[in-house]
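Participant: First to last, the sequence lines map onto chains A and B.
Numbering that gives the first Met the number 0 puts the first residue of the first sequence at 0, with every later residue one more than the last.
Numbering that gives the first Met the number 0 puts the first residue of the second sequence at 0, with every later residue one more than the last.
Derived from the structure by calculation, the hints contain no laboratory data.
Every value quoted in this text rests on a predicted model; they were computed, and no experiment measured them.
Wrong hints could be hidden among the right ones.
In silico lysine-lysine, DSS-like type, Cα no more than 25 Å apart, as pairs [said to hold, decoys possible]:
1) K154/A <-> K198/A
2) K350/A <-> K275/A
3) K321/A <-> K66/B
4) K258/A <-> K164/A
5) K420/A <-> K277/A
6) K159/A <-> K177/B
7) K47/B <-> K225/B
8) K198/A <-> K177/B
9) K154/A <-> K164/A
10) K154/A <-> K177/B
11) K512/A <-> K154/A
12) K71/B <-> K425/B
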Amino acid sequence: MLTVIKGGTIYDPANGIDGEVRDLYINNDRLIHCPGTEKHVDHIIDAHGMIVMAGGIDIHSHIGGGKANIARMMMMDNSVPERLNELDVHHSGCKHTVPSTLITGKEYARLGYTLCFEPAVVPSNARQAHLEMADTPLLDTGGYLVLGNDDYFLKLLAEKSDSQKLRDYVAWMLNATQCIAIKAVNPGGISAFKFNQRKLDVDEPHSHFGITPGQIVRSLTTAISDIGLSHPLHTHCSNLGIPGNFESTLNTINAADGKPIHLAHVQFHSYGTQGKRKFSSAALEIAQAVNSDPSVSVDVGHVMFGQTVTISADTMAQFRTKDFASPNKSTFMDIECEAGCGVVPFKYRSKDFVNALQWAIGLELFLTIDNPWQVFLTTDHPNGASFTTYPHLIRLLMDRNFRNDMLSTIHRGAVEMSVIKDISREYSLYEIAVLTRAGPARSLGLKDRGHLGASAIADVVLYRPDENWDTVFRHPVLVIKGGQTIVKDGEIIHIPRGRTLRQRVDFDSGIEKDLKPHFEMSRTTRLSNFKISDDEMANSVGSDVVYY
Amino acid sequence: MQLVMTNQKMYRFLDVVCPFCGLLCDDLSLQNESDSFHIDSSNCPLSKTSFLEASTRTALKPRVNGKFVTRKTAIQAAVNLISNAELPLITGLMTDVAGTRNALTLAEYSHATIDQYSNRAFGINASHIQTNGGYFTTLSETRNRADMLVLIGPQMQKKFPRLIEILDFSNPDNSRLKRPRKIAVIGEPCEEFATIVEQIDVSASIECDLQQSGHLISVIQNQMEKRKDRAPITHNFSNSAIQSIVQALNQSDYAVFVWASEEFSFPLGDLIVDSIFRLIDVINQSRRAAGLMLTTTPSTTTANAVSTWRYGKPLPLSFRSGSPEHHPDYYGWDSIINRGDTDLVIWVGGLDHSVEMPDCSMQKISLSSRDSENADVFIPIAIPGLDHDAHLFRTDLTLAHYLKNLHMNDGYSAAETLEEIYSQLKC
Ligand SMILES: [Zn+2]
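Okay, chain B solo, but in the shape it has when bound (with noise of 0.2 Å):
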């Protein structure tokens, strides 16, 4: 990020990094004008809106049961809630670096179990790299190299409104690449997806029910394989629509699979992480392809990276016996509230800005940018990378953000929080 100043009162913000989707994108310009933010170099309405809204917010004020209170006492009213808790939960976590750190350090102190708010879609990826691995690339690479891009659920379009952008196939004929790129739609489609669509070389798209699109990449891996004693049915997909994926795939250098595992939560959602891993692994004989996983929020990636490293296992992760345990049905978050198998739900927000703490009998702490008005207690936080520096992962794994401080608004970061409740709980 870099800050210019254009006279004394306005400043420009540049290649400001946007914490509000998976895919971080960093070259944005912000003005700031009274007291607001605005975007002038980019239309994503995502990125338009959140920055807006957060450069508005209304100051917050620490409360414990409804009533206002200092800082210091809310720490202390968590403080107690934490030492009496016999099973407590971490969750949201839609935090940074620093956050992820010392919510785990909580965790293993207090013995809590800790998961991430939408850590379920991205398990589905985490577990087929734990059975089986996987072909992956990064955004760069697709944007470079990639001629053909399977997009599986176009719903994403919606949850990462540059994808297409960034990935530069709204410009077919990419100088640096022998042919002009296609990209084949499966799934159906949203409305701002189809705009894209119209601009760009669709060299097939098949509407089908996403849950179907796990069989549809199976019949596309037999007729690549030219296999015949396998799955000839086509059901009512289009013939001619699979048959024009297969010739392009045969004809692509790099191909590309795009998903948000997101868009699969429904009961054997995995199954169609593995069908295209399964294809891409056949490609991969004679010729190159990967898949590029998309991840709403990088709080997830940022979650697990952090989690990954310093206990070698991602997240949910149980420290109930001492030491981590990781059981993604029995310990992720809403297993644990649904079956009533916790006692404190501690919240930690920050980059919350589209999701609410869960609403549950159990007691609840909560630290967040917005107002959670059903907490037991509330301590008001900052936001990463428009309050404090903060570092944030990526959709691709690869990529780390350093977020520098826009100064929009004062206020202790989760990281600060979470260390001042740690070491008051330690003494």
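For reference, chain A alone in the conformation it holds in the complex (with noise of 0.2 Å):
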């Protein structure tokens, strides 16, 4: 099957196409060359006048495992039904802060997103999460593997393994787990609350294994360079949400000794002590930091205002906030002596200083990070905003009198704190599509995702211009996805079911010897069960594997 999309207007960073008028041909799932006049065209989309760009990728999103489902219990009041049976499928379900899986996947397909990665994968809840993002219909995904809390992992760090062993550990769960990448959140602070530290800095030793987060932060980033793997370290950093930790999240670069790192949600790591409220912004800081160095890259975490639920690895981190949480709730749990999980619900206001200089501090980083393809577009939903944000986002960032006029609206003394006033840049949609396809692909290693070059996946969005970015981004007129159409004028018209993308890993097996006696001892699951097969994807989880 041939398909042509006629006369769009391309933004395509990773080829560097940036608005010029092309014609795109589609064979099957894939993106070809023009195949020549010969060849018959079995179908012709006219895209005169929109706007074109490959699909959108969410590097950061938390849409599968245990805590998102203990959030949506949480937030049960506050769920709107949905039916879906325009089609004959009846993939109904519930709008939530965490939307049930087939609206998860419905809200992001018309939003022109095909492709989304969970950054939290806990070791045994792993299963779990791929069971649920196989249900989550229309999009493929991805998971981060949360290392650096287990057990296994801190005692080989302080018996001073050599690195080759800690190198085929952190290999080995990767692939028996089927993710793409190695997450760190709070480094040896989930554990480390579990021996009662209430805080712990990056040089900080852990009461019980004496190693610090630093530490581990720099044995990560060495074996996952050792390993090959395309992301680096996606670091949820140490003290997240206290004010003054932009100095943990700049010593957190540091640790990483020059190997490339990924700062996830980084507005939450970027606060100071300044002013009289002892709350400011050190967005200028981070943004100084990320632009003297290339191996560091950055995901926002904004925040918007309104009700949300902040769902997290970090134990530690959330039972701080368990106080402000609104509604008055919250769940914790110690997960397996490998990590944890906090659910705090919680609503920022506009009127409220700190939550109004948050939503400044995350723009401030957009908007002086240099250069796009080291920033990538979150809201790390749910716990700053939904995804379902992200259009005004990017009107936020596109659109200067917009921005100038939502800073009238919110509390005075944050935008007296803050230097976005000033700030006069304005986003181009080259850069936007940088942020939200060709970053987040290239980060991971995806060949052909995010652009729109031949043997590309053919995942592509059309978009209709208007005045209002908000509007262009949150009404896609055609979304294709594997060369299918999924959305056309904001109707779902196809549910096609995702696949899961992951990394190819070399380990050592021999590692398993060791391994072996570990789970018989200390985990209550035995080594040969804890391995997820990719038939097993295939065939009983639902989602087909695919390597790159």
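Combine the two chains into a complex, taking the hints into account.
Facilitator: Okay, here's the thing in structure tokens:
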């Protein structure tokens, strides 16, 4: 089946195309070069006047795993049941701060997103995360495995094991859990909280294992580069949410020792202690560090005003916020000597100084980090806000007047403390395409995603220009996934099942000799049952594995 | 699971997962001899009998109105009953992830109400999470870190025979901990438990009527908070036992409270769960503690996990309006049957070895691994993990196991059968 998308204006940063009118050719599920005039075209899509981009990629969004389910239960009162039987399929669900899986897939697709990464897969919960993501149709997915708070790794580090052993363990775990990248969440801190430490700074030793977050970051970034993973250590830094934490963030970058590092939801880690309220923006300090070091990337984790629920593996940080829960309830979990989980509902208020400044800090980061390839567009869904606010966020980045109008509606003290009002930068469509497509694909090593060149997967989105960028990005005219039209004029017209993306990794399987007794003694699971095979993924979980 | 061939006719299965209680122990060795399977790695009476019974099942045949028919005919009869029903109820749900997925799809399509058989007990925990949240822990975390275990309702030992062994509390001098582990027991211990207790250090045991345990826990909480203004009365609880629990909690690094909410199925039983979490909250202000909920059948945790991610809400769910509604009291399967608010009961079994389809006057379809003579349509199905691959969730809500088919019997899974019914209903 040959389809041609005619006359659209293409924004395809991976191939250096910035608003050129070109035709795109799709053969089955892939884009191809112009096949020549003799080929029969089955389908012509008229894209004249339309903005054309590759399918959106969310590099950090909590869409699967046990903590999402806990959040759904806790936020049930604020859910809105929704029917979806325009089609032959019966896929109703609930709109939520954490939507049910079918609604998640549908809402992402309607925004032109076709690929999404769950950034906190806890090893023992990996099977659930994949089962949930397999039930999230319309999206391809991938997971980042949470390490660095697991007893086995901390013990290896405490015993000063050689780097080969650490590397093999990391690769083995990644392989066993079908994940694509490694995430460190408050390195060592989740474990320390289990030993009743309530705070752990980058150079502070864990009371039981005697090692520091800095050491954990160093060994994980080293292991990742030894393994050859594309995506750098996806790091949720120490001291999330604490005024003055920007120093921990800078120290975490230093701990990586020049190895590539990604800082997740960096907005929550860019706080200073200036001003009479002892809370200030340190976005400029963080931006400067990013601007001066091309091996650092960030996603912002922007906040939007309104009700949400925060979900994180960082039990230590979540426990600190429990008194601010709104509504007043919170859930915490200590998980399998490897991780944790904290779920705390939260309402960001525009007239609250801290919340308003958090909002401003997010924008400051976007607007002062020079290279769009080093920053990705996220709200850390649902922690800063739902992913459904992305079009609004894009408008804030692209439209200075709109941004300034919004400034006049938030807490005035926060406006005074922020440099936003003086920043005239407006993002271009090309840069938005970097933040939401090309950048994430490159960072994750996905050569056939995030761009519109020949041999790329045919995930293509058509937007209709409008003065209001929110409208443009909220209502794509057409969304094509793997060559099939899934959304037309806002309506879902086809619901394909997604696939799981991961990277092939090599390791010395001799590591299993050490791991087996560890599983038998300390884990309540056998090693052979812990591993998730490709066959299990395809036939029972319901998602085929694609290797990169 | 791993398969080892010992000779031409004998197989050994290693690391087999047992689906017969919520702990999902995954370390069984199974030997097949002639036509039956024997566990030779554990003394768990529950799994020993359950595996033996399952492996010596007699083959069942589909039936419609008491007469043996082909599977095709039985499926058609089920389809007819469902398409004529106005208020179908799907219950049992003693099944795996795939079975639950397809049962939910069928429920949505047929505007049915759907609930899991033992969900009322789980609902006590679910509604606590919904309104308050809580502190939870998992099996490995407890095994490696807990230096104090508080068992509320020690009858649980019958339903979870290997609990103490899995948590490694039969070994009081766990070398991974700083001090010997302690156990406190609240409630009336069963015989099975008493023999275990003899071997371990029980710091305090308070034999009380479980209905009073919520009050007892509040007394402990007040003592820990050193509050004199509240509940000074200790009723007829032993003051020395309370003191030793308080002292042990004050010295513990990680106290874990264990309960099976099934034991709290009396009026206001949910208040016990509230008081447990209040006490845990108080401890967490200065030390660490958490709760470990036990769920008898893995099908309950499984069904609720799938329902919550697919529809945003736990069970029961009603699709009568076309979209999912969750009113636990109103849509509980037993409430619906008791008030006659259904005209067709669809039972989905598989792991229903110890429970039977409710006897009621409505029309009944039974998909089960055991014979249900009172069903209008009976379609035999296979047992998850024993006869087909299956995903099940462990009691701690974190870990899902993948049970590889042991090929005990042939037969269709609940998921396959529900899929056939659904696709015929659609055409
Ligand atoms: Zn996150």
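Participant: Output the indices of the hints that this structure fails to meet, ascending.
Facilitator: 3, 7
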